[in-house]
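There are 2 protein chains.
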Amino acid sequence: MDSALRQLTASLPAGVVTSHRETLEKYRNDHIFDPAAGRPVAAARPQNIEQVQTCVRWAARHATPIVTRGAGTGLAGGARAVDGCLVLSTEKMKAVTIDSRSRVAHVEPGALNGEVKQAAAAAGLFYPPDPGSYRISSIGGNIATNAGGLCCVKYGVTSNYVLGLSVVLADGRLVRLGGPTVKNVAGLPLTQLFVGSEGVLGIIVGATLRLIVPPPDPSTVVATFPTVSAAGRAVVGSGSTSRPSMMELLDNRTINLVEDFRRAGLDRSAAAMLIAQFDNSAEAAAFETVARASEGIEVHRTDDPAEGEMFVEIRRATGPAVERLGPFLAEDIAVPIEALPDALRRIEDLAAELSLDIPVVAHAGDGNLHPAIMYRPADRSSTARAHSAFRRIAEIALSLDGTITGEHGIGRTKRPLLRQQLGDDVMNLTALIKNALDPGGLLNPGVAI
Amino acid sequence: MDSALRQLTASLPAGVVTSHRETLEKYRNDHIFDPAAGRPVAAARPQNIEQVQTCVRWAARHATPIVTRGAGTGLAGGARAVDGCLVLSTEKMKAVTIDSRSRVAHVEPGALNGEVKQAAAAAGLFYPPDPGSYRISSIGGNIATNAGGLCCVKYGVTSNYVLGLSVVLADGRLVRLGGPTVKNVAGLPLTQLFVGSEGVLGIIVGATLRLIVPPPDPSTVVATFPTVSAAGRAVVGSGSTSRPSMMELLDNRTINLVEDFRRAGLDRSAAAMLIAQFDNSAEAAAFETVARASEGIEVHRTDDPAEGEMFVEIRRATGPAVERLGPFLAEDIAVPIEALPDALRRIEDLAAELSLDIPVVAHAGDGNLHPAIMYRPADRSSTARAHSAFRRIAEIALSLDGTITGEHGIGRTKRPLLRQQLGDDVMNLTALIKNALDPGGLLNPGVAI
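Residue numbers (the UniProt record's numbering), protein chains in the order written: chain A, 1 to 449; chain B, 1 to 449.
Take the hints with a grain of salt, since some may be wrong.
In silico negatives: residues of chain B with every beta carbon more than 10 angstroms from chain A [claimed, not checked]:
id, residue
1, Thr9
2, Ser11
3, Arg39
4, Thr54
5, Val96
6, Ala119
7, Arg135
8, Ser229
9, Ala293
10, Val299
11, Glu348
12, Arg376
13, Ser382
14, Pro416
Where chain A lies over chain B, by a calculated footprint (3+ residues, C-beta under 8 angstroms) [to be verified]:
id, region
15, 144 to 158
16, 174 to 181
17, 238 to 248
What the hints contain is simulated information worked out from the structure, not anything from laboratory work.
We put the CB at the ideal spot given by N, CA and C, even for glycine.
Kindly produce the complete structure, drawing on both the sequences and the hints.
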């Protein structure tokens, strides 16, 4: 261990900094495992803001890159280590306090989304954003990626709930942005600049989140369709009559994977299935009509929350059902709602063309698709075709006026595609801001910009 | 007219640029008239983005400050001219197109909020943000100030509906940020950086706005209270059982001003009145109970939308009812919801202490208060006390962990108070970003930062 690192270790309580080789292994990757991930010189697990500042000042002094991570559940390599970096894990900063009268939560970044939800629920309140990973992902990571989820089709994404942030800047200074008021337009909207900034502008060390009254028990509609396009049309049509609080799509391949994984009695022959929820029965009934008019095969509506939850669990099972098949490239494009049927059809065609297995689930109400491009790493052709599909699905999104990432972030896996979406001028604008805030380029280098 | 200006005039179609003295008068102020407002050298009224770029490039070349304005309805002096500036008015850029299938509106900045609402409604959709000025304020100005309004207590502020922006930067380059997808996390969240940036980072020349399905007909509750604190307690209490789509408070003075202005049969003796709306009758009924439990004197509930609209019109009449009294300083603080009763009481005390007339209306559900500090400009003591109250009300907000502006913006009138709220480090961070984007400091100098 070199003397600089010894200095850092000595300046923090025992156990905060580790350079133990095996321990460092678990800080090299996020959920997208890359054997070529960099090797950190050390990992720090600060217990409070002052310790984060100590780490950042040390890194600045020694020109050491910092890769911040929450729970490491990211799907874009955003928390993947680079060689020689200091990994800064927020896992020890987990406090959550609820102010039920002002309806806000004050949270530390390492608290899990599910823990925030639970603390809010205990106070009779609700924190809506619910990424698929909500039980295991940290709120700091959610903020850094502006995470979405299932209910954001009605209740919005993470940024809609971030009222205030505490951020440690690249030089170690702590700034407090926004605050516990619902509305606040004093000065530039800097709070929002950090929501979705993927660790490249500063380190989020605290947040004030807006909580709301829990929505009523949902009504649920489940419908199957003969083509993905018909399902897509039902989604487009639904949006003019109702406001679903969930509008999820599973394609035929995903339906079958879920059915393999846990027998649920799904129709294996359906081209697509929609699982939709609504805050009241009337809206659910309106969607039932739309689904039937869009060639819906079986359309089932229930006001029983327990039965509804069973269908939501089917949706949540798609993750493990796909993952147990083996490695895949996690796609996350979003398109204007109208383009949803077209995007689905083109991904289907692409899978056929490249002989790839690409099950698709989608936050369909938001036009946000998650094709999982399955491949066999040992098979060079399969791997090459998968990477080709990864690029071409991004291009499908762009050709439909969409985006290459709806909620996972750019991270390291999509960085080569970013310029194609943003163009030179926006990349340049991005660089101006990055350089202004992190002139040394030490915060999460290689990510997002 | 000097040769530089002649050059600009010649490079644009006839009528775009004017330096006619009397015409320029109307471009010197926003809604807060300041006789000491600066004198522009010219005003440009570009018809398209290219003409905006021509103006900005000209201004950059000649180191001429640019003050951008929409409809000039701002309440913080944000569009007030500075000496020697070019006023850039977006009044001629008014196109609105609705994509009803993707549920977005593509708008030019000069379109009025009400025109956007109307175009959306014609397509069966709804654009929620509704500042008091919605009939006369431009959507570009709404975006530049991140305008709020009545329904944002449930439906959110302008930033929640801005999906994409076209912005002309200080050097004349056009960047397109975000796009027509509901979710998009590609690159830094630059779209949001411009929402509420008050013209100091770039000029908004187009926007893509999210539209939603119109909410159902509202149920309305109107309640009067013996003290402002009791009304404030009802607001705090309501938030744990229901999600109002409107929760407005009028204090005794405002009730009387409205009653003077248009006889509506209001109870002139009530200390405060709440006008609340809900998307369903059950939530309205829940609030009725809360209001009665909070010492409500008269509590009236109606599911008749026409009767409800009558009460909303009473709320909307508070503006003209106050304005016809004469000049006032428009306050716009926001506090955490819990602090609302305290803030109301302290403003009441301050008015008594300084012998000032300070009617208060509030977007109470958001903790956002609009005290109107009445004064007589000819009376030096009255003016001095009013300015003292302006500062002290801001300090009340800060002492309650609130903000000096909830939705109007900092503009020029609150700039001297900003550092007190943000502190040196955030001011410094702000300057870093401003300098990166507008190194010449030509965009709306003297505003917001």
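Hints, one by one, checked against the model:
1. For threonine 9 of chain B, the condition that its CB be more than 10 angstroms from all CB atoms of chain A holds, with the nearest at approximately 28 angstroms.
2. Listed as outside the interface, serine 11 of chain B is consistent with that label: its C-beta sits roughly 22 angstroms from the nearest C-beta of chain A, beyond the 10 angstroms cut-off.
3. Residue placement check: arginine 39 of chain B keeps its beta carbon more than 10 angstroms from all beta carbons of chain A (closest about 28 angstroms).
4. With 10 angstroms as the threshold on Cβ separation, the claim that threonine 54 of chain B sits away from chain A holds: the shortest Cβ distance comes to roughly 17 angstroms.
5. With a minimum CB-CB distance of about 17 angstroms to chain A, valine 96 of chain B clears the 10 angstroms threshold, and the non-interface call stands.
6. At roughly 15 angstroms, the least C-beta separation between alanine 119 of chain B and chain A is larger than 10 angstroms, which holds for a residue marked as non-interface.
7. Interface exclusion of arginine 135 of chain B from chain A stands, the closest Cβ pair being 21 angstroms apart, more than 10 angstroms.
8. The claim that serine 229 of chain B lies off the interface holds: its Cβ sits roughly 14 angstroms from the closest Cβ of chain A, which is beyond the 10 angstroms cut-off.
9. Residue placement check: alanine 293 of chain B keeps its beta carbon more than 10 angstroms from all beta carbons of chain A (closest about 15 angstroms).
10. Distance check on valine 299 of chain B: its Cβ is at least 20 angstroms (rounded) from any Cβ of chain A, clearing the 10 angstroms threshold; non-interface status holds.
11. Even its closest Cβ contact with chain A, about 20 angstroms, leaves glutamate 348 of chain B beyond 10 angstroms, as expected for a residue assigned away from the interface.
12. Every beta carbon of chain A lies more than 10 angstroms from that of arginine 376 of chain B, the smallest distance being close to 29 angstroms; the non-interface claim holds.
13. Separation of serine 382 of chain B from chain A is adequate, the least Cβ-Cβ distance of about 27 angstroms exceeding the 10 angstroms criterion.
14. For proline 416 of chain B, the non-interface assignment is confirmed: its Cβ lies about 13 angstroms from the closest Cβ of chain A, beyond the 10 angstroms cut-off.
15. Counting residues of the region 144 to 158 of chain B whose CB falls under 8 angstroms from any CB of chain A gives 7; the rule of at least 3 is met.
16. Check on the region 174 to 181 of chain B: 7 of its residues sit with their Cβ under 8 angstroms from a Cβ of chain A, so the three-residue criterion for coverage holds.
17. With 5 residues having a Cβ less than 8 angstroms from any Cβ of chain A, the region 238 to 248 of chain B passes the three-residue criterion, so the hint holds.
Comparing the model with each earlier hint shows no violations; every hint is respected.
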